[in-house]
Each structure stands twice: as C-alpha cells, then as structure tokens.
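Protein chains: 2
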Amino acid sequence: MRSVSHHSIRRSILDRIHSGEWALGDLIPSEASLAEEYGCARTTINRALQALADTGLLVRKRKGGTRVCQMPVRQAKFEIPIIREQVEANGSHYRHQLLAKKVKTPPAAIRTRLSISPETRALYLETIHLADDRPYAFERRWVNMLAIPKVSEAPLESLSVNEWLVKTVPFSSGDVTFSAMNATKKVAKALDTKAETAIFVIDRTTWFQDEFVTTMKLYYMRGYQLYSRL
Amino acid sequence: MRSVSHHSIRRSILDRIHSGEWALGDLIPSEASLAEEYGCARTTINRALQALADTGLLVRKRKGGTRVCQMPVRQAKFEIPIIREQVEANGSHYRHQLLAKKVKTPPAAIRTRLSISPETRALYLETIHLADDRPYAFERRWVNMLAIPKVSEAPLESLSVNEWLVKTVPFSSGDVTFSAMNATKKVAKALDTKAETAIFVIDRTTWFQDEFVTTMKLYYMRGYQLYSRL
DNA sequence: TAGTGGTCTAGACCACTCA
DNA sequence: GAGTGGTCTAGACCACTAT
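Protein sequences appear in the order of chains A and B. At position 6 of the first sequence (counting the first as 1) the number is 6 in this note's numbering, and the numbers step up by one without a gap. At position 70 of the second sequence (counting the first as 1) the number is 70 in this note's numbering, and the numbers step up by one without a gap.
Hints in this document: simulated from the structure, not taken from any laboratory. Please read all numbers here as calculations on a predicted model, not as lab measurements. There's no promise every hint is true.
Pairs involving identical chains hold if they fit within one copy or between any two copies, as the list cannot separate such chains.
Claimed, not checked - In silico DSBU-like pairs for lysine-lysine, Cα to Cα no more than 30 Å straight-line:
1) Lys-167 to Lys-77
2) Lys-150 to Lys-63
3) Lys-194 to Lys-217
4) Lys-167 to Lys-61
5) Lys-150 to Lys-101
6) Lys-77 to Lys-61
7) Lys-63 to Lys-167
8) Lys-101 to Lys-63
9) Lys-61 to Lys-102
10) Lys-61 to Lys-194
11) Lys-102 to Lys-167
12) Lys-185 to Lys-63
13) Lys-217 to Lys-77
14) Lys-194 to Lys-101
15) Lys-167 to Lys-104
Working from the sequences, and respecting the hints, build out all of it.
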C-alpha cells in the first residue's frame, strides 16, 4: 500500500471534518492545494473528494469549490431482498406455493400506475413464500404480458415468479415503497396470522426499457425487519 | 463532451448486457480489450466498470476478470428523512413539542444495545412532531450524556433533538431498521390514532468515533410511506 | 475572465488469485 | 507464473460559474 492512497486521503479529510477543522458549510481547500499538501497527484485527491461527495458529505461546484454539506442528509443503502436467499441465510428451508394465477383486467389503480389502457389484460399472481413450511411473505403481483409474453409459459410452480423474472429480464429500473398496514382478512389468512396485525409491506414496480414489466406487493410475516448500516 | 466518456461507456456496457450479448454470470472482456475496442484509455474503462460494480451489476476479481452478476441484488438508496424538511416539503407547517425529558437508567435492552454499564444514566426524551398541528411522528430517544455532555443544556424546546444533534455531532456512523408494529396505547395516544393501528417504525442508533451517541425510535403517522427509485 | 472541479490519456507498478 | 483489476502519476484540456 502506498502511503498516500485515495482511501487514506478520504479518511484524513473525514477526520479533519470530524475534528472541526472544517465546519458545516465551510469551503475546503481546492484539489490543487490538497494535492500539494498531501504530496500526491490531483487525480488522487479528486477521487477521494468525489467519493465523499457521493455519500452526501461534501458539495462540489466548479469554480465554487468544495464545501462541507450544510445539512448532511443521511443516506442508507438497502438491498432489496431476494426472499429465497433471505430465508436460506437464516438456515431455514425455502419453499413457495402458487395460490392464484389468472389473466384479467387490472383495477384502475394498477392500470394508472402501469400506464396501460383500460382494456389491456395482465397476469395476476398470488404466491406464498414459506420458511420451514411456515408463512414468510405473501406476494401479489401483476405482470404485463405484452412486455413479457413468455411469462404465461413460465414454470412458475417450480421457480418463483420473482426468480423467473430476474433471470428473464434481469436489468431494469423501478421504484420501491416501504410502508406498514393492518392485515386485511385475506393477507392475514395467507400469512396465518390475525387480521389487523401490523404488516411490513414492500411495494415494487419494475420497468424495462420504458415499458412496464411488473408491479407487486410483498406482505411480510409479523415482526419482519429491514436493516441497514449508515 | 468527448465521444468516449466513462458515462457513455457505462451506458454502452449496460446496453450490451440488456441486449443479451453478455448473459448473467458471463465473463466480459478485460479492461485492456475494452479499452482497445472503445479506443480509449484503460483508466476510462476502469471507471465505467467500477461504477457498474458499485451498483452490484458486475462482479470483479483480479485475475478472475469481470463477470455480469449471477443474481443481481437490487439496491435501493434511501435518504433518512429529516422530519422538518419532509413536512415542509409537503407545504405544511412544522412544529414539535417536547413531551418528556428525564435522566434515568435505561432498560436492559437499551443498555445492551448501547454497550453502557448498568449504573450509567442517560437522557430520555419524547417528542411529538407535528405537521399543521396534527401528529406526524412520535419520537422516543435515549442520549448518552457521557458522549454528549452538552445535551442537557441544549435548547430542546426550540430546536428538535435531532436537529441539535446534527449540528453538534454532524458526522457519525450508525444503523437503521425499518419495521411495522401495532400501535401501543401510548403511541396511539401520541399520534392521535386508535390502538393497534399499523405504524411504520424507523429505529436508528448513532455512534461517533466508536462511542454511542443516541438511539431512537420514530413512530410515523398512519399511512406513512418511504419511497425510493431503484 | 479567471478559478475550480470534471475528465481523459499514457504509462507504470502493484496485489491478488487462478491455474 | 501470468493475467487481471486496483491504483497512482503527470500532464492536459474542457465546462462551468462566481465575480
């Protein structure tokens, strides 16, 4: 390891902010000055500062220089779990069961969300994910058959829809929403719990090349937690 | 803009994965080959590939080369909200009220979590955050007075504890947990809702230079959602 | 207009790890 | 041992923007 790596510089800059040498909102020296101070190339300083800017700690502007962020917004990176791996990571046996599979016209709310026309039909799926044969998560999903025509022939009994989709349309964009809800009777029954139990819900919509692929809601068993380090 | 920037290469590589040229788990060409193919320096290729590896799309190993990730784990970056900003972003008026402020010995669960000794006392705070004078979130917090001695003199009536802490110990590490729970009577009362209502909970513990600073639970009003793009 | 960050290059050496 | 990614350098030009 060289004595001046972009890692060590990153740490050093962090320390200098921690120590109060540069306070919130302060302008810190230019890349050129820092390069001279640390005795390294500007490129190396640039890399360290960019990394810190990525985490939201620094704000950088051409000509304006680099400032310590006034109100550092804390960011957390979560891994959207793949249920099978999550279950197996806990040493449990994973299994899932397809509860429903129908082609029908989605309700208006779903249609709006997916920007599909009123007469378009979509595939509706309900799946229960089991850990050691006990309910782990209940999944309700709509799949756009126009975008993914092959889905109706997929072996959904052996492979979960999610895994099939990951393998088939692996790279896509989308959004996620986390929320809490009281279990409806249907969800409670699927998860083998009482109605009104607080359920952690992940709502996820996926797009591929500007075309809607799928939207789903995952209702997790009671007590589920999503964890991340800051 | 140069014709070959690391951005354009990043996009190009993405496209080639999308198109199926490189499938899940495939080895992609080495940096040197790609540099030749794109007619740019290896550094530029490196930058593009590192960015893709950061998002979890590629897996890179020295000598092993670069592969398309077998099971791309979706990552979502969330901004841990600052309540005041969140409320004001919705065009509402923010206000908060300190409901309790006591120095006492934390329960065992909290002590364990914070690795403090059984006889150590800590500051306990309860705050209600209001949007247009209606409950938005209820906060219960423990603050380590040894780490942050000045907290007992802080003007907590005018500034929320959170804001005071951000200004005072701005940069720290920590962890976050999201979960759902049925409102206890106390929480329900604070949020002016019925007991058993499903509540979205953010549990957050903060450290500064290996010393525990604070741990808190935020109970959000009914219907709260946390959103992120993938 | 001048100063700052953004980026590319060409070359180099190193660290890791697969065979 | 050899091939791959990880990183640093020195220099260059450019894009943006505060003044």
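Each hint tested on the structure:
1. Taking the shortest Cα distances, Lys-167 and Lys-77 sit within 30 Å of each other both inside one copy (23 Å) and across copies (23 Å).
2. Taking the shortest alpha-carbon separations for Lys-150 and Lys-63, neither the intra-copy value of 53 Å nor the inter-copy value of 38 Å comes in at or below 30 Å.
3. Proximity of Lys-194 to Lys-217 under the C-alpha cut-off of 30 Å is found in both arrangements, the shortest distances being 19 Å within a copy and 25 Å between copies.
4. In this assembly of identical chains, Lys-167 and Lys-61 lie within 30 Å of each other by CA distance solely across copies; the values are 23 Å between and 41 Å within a copy.
5. Only within a single protomer do Lys-150 and Lys-101 lie at most 30 Å apart by alpha-carbon distance; the minimum there is 15 Å, versus 60 Å between protomers.
6. Within a single copy, Lys-77 and Lys-61 get their C-alpha atoms as close as 25 Å, and across copies as close as 23 Å, so both meet the 30 Å cut-off.
7. Proximity of Lys-63 to Lys-167 under the C-alpha cut-off of 30 Å is restricted to the inter-copy arrangement: shortest distance 27 Å between copies versus 46 Å within a copy.
8. In the homo-oligomer, the alpha carbons of Lys-101 and Lys-63 never lie at most 30 Å apart, since the shortest distance is 58 Å inside one protomer and 46 Å across protomers.
9. Taking the shortest alpha-carbon separations for Lys-61 and Lys-102, neither the intra-copy value of 53 Å nor the inter-copy value of 44 Å comes in at or below 30 Å.
10. In this assembly of identical chains, the alpha carbons of Lys-61 and Lys-194 never lie at most 30 Å apart, being 54 Å within a copy and 48 Å across copies at closest.
11. Within a single copy, Lys-102 and Lys-167 get their C-alpha atoms as close as 22 Å, which meets the 30 Å cut-off; across copies the closest is 54 Å, which misses it.
12. Taking CA atoms no more than 30 Å apart as the test, Lys-185 paired with Lys-63 passes in neither setting, with 59 Å inside one copy and 55 Å between copies.
13. Taking the shortest alpha-carbon separations for Lys-217 and Lys-77, both the intra-copy value of 20 Å and the inter-copy value of 19 Å come in at or below 30 Å.
14. For a Cα distance limit of 30 Å, the shortest separation of Lys-194 from Lys-101 inside one copy, 25 Å, qualifies, whereas the shortest one across copies, 36 Å, does not.
15. In this homomeric assembly, Lys-167 and Lys-104 come within 30 Å of each other (Cα to Cα) only inside a single copy, at 25 Å, whereas the closest approach across copies is 54 Å.
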